[in-house]
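J.: Residue strings, one per chain:
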Amino acid sequence: MAGATARAEASAVRADAPHRARRPLGRRIGEAILPIFTALVVAYLFLPIVVMIAFGFNDNVGRFNFTWQGFTLEHYATVFSSQPRMNQALVLSFTVAVISTVVATTLGTLIGLALARYEFRGRGPLNLLIFLPIASPEVVLGASLLALFVSVGMSLGLVTIVIAHIMFNISFVVVTVRARIAGFNRSLEEAAMDLGADEMTTFRKVTFPLIFPGILAAALLAFALSIDDFVITQFTAGQTVTFPLWVYGASRIGVPPQVNVMGTIIFAVALLGILLWSLLQRRERTLRAGTGPGVGAGS
Amino acid sequence: MAGWLRQHRGLIPYLFLLPGVLWLLVFFVLPMLAMASVATQEGTLGTGFRQTFNVGVFPEVLDRYAPHFLRSLEYALVVTLLTIGIGFPMAYTIAFRGGRYKNVLLLLVIMPFFTSFVIRTISWKFILADQGFVLGTLKDAGIVDEGFRILATPAAVISGITYNFLPFFVLPMYVALERIDYRLVEAATDLYASRLQAFLRVTLPLSIPGLFAGSLLTFIPAAGDYINAELLGGTRDTQMIGNVVQTLYIVNRDYPHAAAVSLILMVALLVGVVAYRRVLRGQELTV
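For the protein sequence lines, the chains are A and B, in the order given. Quick note: the first sequence, position 35, residue 34 per numbering that gives the first Met the number 0, numbers continuous. Quick note: the second sequence, position 208, residue 207 per numbering that gives the first Met the number 0, numbers continuous.
Chain A on its own, in the form it takes in the complex (with noise of 0.2 Å):
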């Protein structure tokens, strides 16, 4: 479909070419073209999101949410006391995304400095060992952790959990924090050392303001990956229910509306965290004006 749109906007590119100085209605067609399908696939994308936000609204009987039957504010009322399960799911989610961002923020962002501050043999195997866990899916991850606690006995619960999300974060942020580093100015330490300072120094007032967002960036994304995960929490959390196994477990009888609260209301705080972060990054640019195009978002 999408292949389509384009080879119809390269032909009717192609087809007035020589003329291009008119631009007729159908250049202008095709031009049109990708923003409306943009505009389309970012509807798409929404979609599930506003379904999850309307039915958090909705005044629905009994314990099945499927109809709209009028709005009400009364789950938002209810969503902390109504689903005791659900609160405990979520601190338990909680707890784990603190300590494995803090843990794998800590060890990705050494594993980063090394890669991108030192020369050093081994860093083929090294860059393997830190691309396999991101290329192997899910399942396969927490199958394997799994086999490693059965063979040594040990009890799935949070101790497990924690150690598995720390697994999988490490990787994650070794990329985005060696990404960062890669992209700025050596000249900056240099000119600190020439003017005096120790490298334990040049460190603290130099090196790691400059990285800090990049860890920062980090930080949050391991925090997201930990907070939503669900497969490999599934094979390592014995009897212990994070939040997305606590909605898993509830939608095989139906999703209670402080589901889609508690759902609008995380969204709405990570939306409102991604907006100060980026105002904070427009100020950080504006400091260091002039050092080119702002980091993307890539992984």
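None of these hints come from the bench; they were simulated from the model. If you're wondering where the values come from, they're calculated on a predicted model, not measured in any experiment. Quick reminder that beta carbons are idealized off the backbone N, C-alpha and C, glycines included.
Coverage of chain B stretches by chain A, computed from C-beta distances (three or more under 8 Å per stretch; other residues unrestricted):
(1) 14 to 24
(2) 90 to 102
(3) 108 to 114
(4) 123 to 131
(5) 214 to 224
(6) 241 to 252
(7) 263 to 277
From the structure, some residues in chain A lie toward chain B, with a derived Cβ separation under 8 Å:
(8) F36
(9) L44
(10) P132
(11) A142
(12) I162
Cβ pair distances, simulated, as ranges:
(13) B/V143 <-> A/L127: 43 to 53 Å
(14) B/L279 <-> A/F70: 45 to 55 Å
(15) A/W276 <-> B/V250: 35 to 45 Å
Based on these hints, arrange chain B on the given structure of chain A.
T.: Leaving out everything else, chain B in the frame of chain A:
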């Protein structure tokens, strides 16, 4: 300590690497070995498993679950083609036509991630339900047959996976396109290439790294997915290899067979990645 380090400067990077690498060795590499070991054991949960180096388990599960392996491959291929078809024009539009709205558009691409993956998939189940507001309305209007359904069909599973992994394709694709120096495209058209020629011979070859990274980031999770097959499919005919692993491991506790299936999946994907990299001529393996 500081003085000792100054004398052995070459050790500094290794000290930086040590904790993280150790973690990956113990909780990524070792589990893979543990899985290989578990796969070749025999026994039941009740009597315990004993190592018998039963390599016959691999052909056994390959044979028994061949339909699931093939179905996963098929679904993942269709999903990847769909994400390229939808994601490439989108990434292209953001990179070359986004102008000052680039960041806003990128934010719109990642915003679905602010909602839980499970909630989004349940939301789709709800949207596509047999009597849901889409199909219900169409049926009431007599546009589609009363018996028509989307849920529990391969189309539902494939569209669910496509939805979930589309942003994983768009982001690296965008990064690659954004890096292209647009003056190269202009140079091509100045030298009388048509816009199509310029696209095919300049833009497209330069966007290969993004295509490589993006399609892998879509294909691999798609091949291993089982949530979409479970929630949007739910029938035997839409079960993927991930469902097999999940059922064998977590429901049946048949560890050896589950481990054997996962190991085959892992090896098959790795071989696939290396071959794919060859085809696209030596792309960097590190994303």
